[in-house]
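**Q** Sequence:
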Amino acid sequence: MRRETEYSRSNSADAEETATAILGWLANEPEMLGRFLALSGLQPNQLRGAANDPGFLAGMIDFLMGHEPTLLAFCEATGTKPETVAAAWRHYSGPGPDSGEY
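Under my numbering, the first residue of the sequence shown carries the number 2, and numbering increases by one thereafter.
Keep in mind that the hints are not guaranteed to be accurate.
Label-pair distances were calculated between CB atoms; the ranges are [unchecked claim]: (1) D15 to N46: 27 to 33 Å; (2) N12 to P45: 28 to 34 Å; (3) E18 to G50: 18 to 24 Å; (4) A88 to P45: 27 to 33 Å; (5) K82 to N46: 19 to 25 Å; (6) G56 to N12: 17 to 23 Å; (7) N12 to A52: 16 to 22 Å; (8) A28 to G56: 17 to 23 Å.
If you are wondering where the hints come from, they were derived from the structure by calculation, not from laboratory data.
Glycine included, C-beta positions come from ideal geometry on N, C-alpha and C.
Let the hints inform the model, and build the full structure from the sequences given.
**A** See below:
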């Protein structure tokens, strides 16, 4: 069994903090939230329950990563580096073909 290292716990906490910031930002951007809900198929009353689902968080971060102007708007509004969002995206999305772990 693999022990979770301090580094991976830190990455997990950073990813969670970034995801929370994204959700908070979306909640304060009605047009962007509407677009996200339309693309995700979620209803506004489902957001609270979905916020604990890693798959939802991956999709929410993917929403930002898939549209550079949206990503940059979030980063500018919150003072978050795009690299931080990318790290959270990798955390929740899991390994892909370019990760060397696939």
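**Q** Hints first: check each against the structure and report whether it holds.
**A** Verification of the supplied hints:
no.	hint	in the structure
1	D15 to N46: 27 to 33 Å	29 Å, holds
2	N12 to P45: 28 to 34 Å	30 Å, holds
3	E18 to G50: 18 to 24 Å	20 Å, holds
4	A88 to P45: 27 to 33 Å	28 Å, holds
5	K82 to N46: 19 to 25 Å	33 Å, violated
6	G56 to N12: 17 to 23 Å	18 Å, holds
7	N12 to A52: 16 to 22 Å	19 Å, holds
8	A28 to G56: 17 to 23 Å	19 Å, holds
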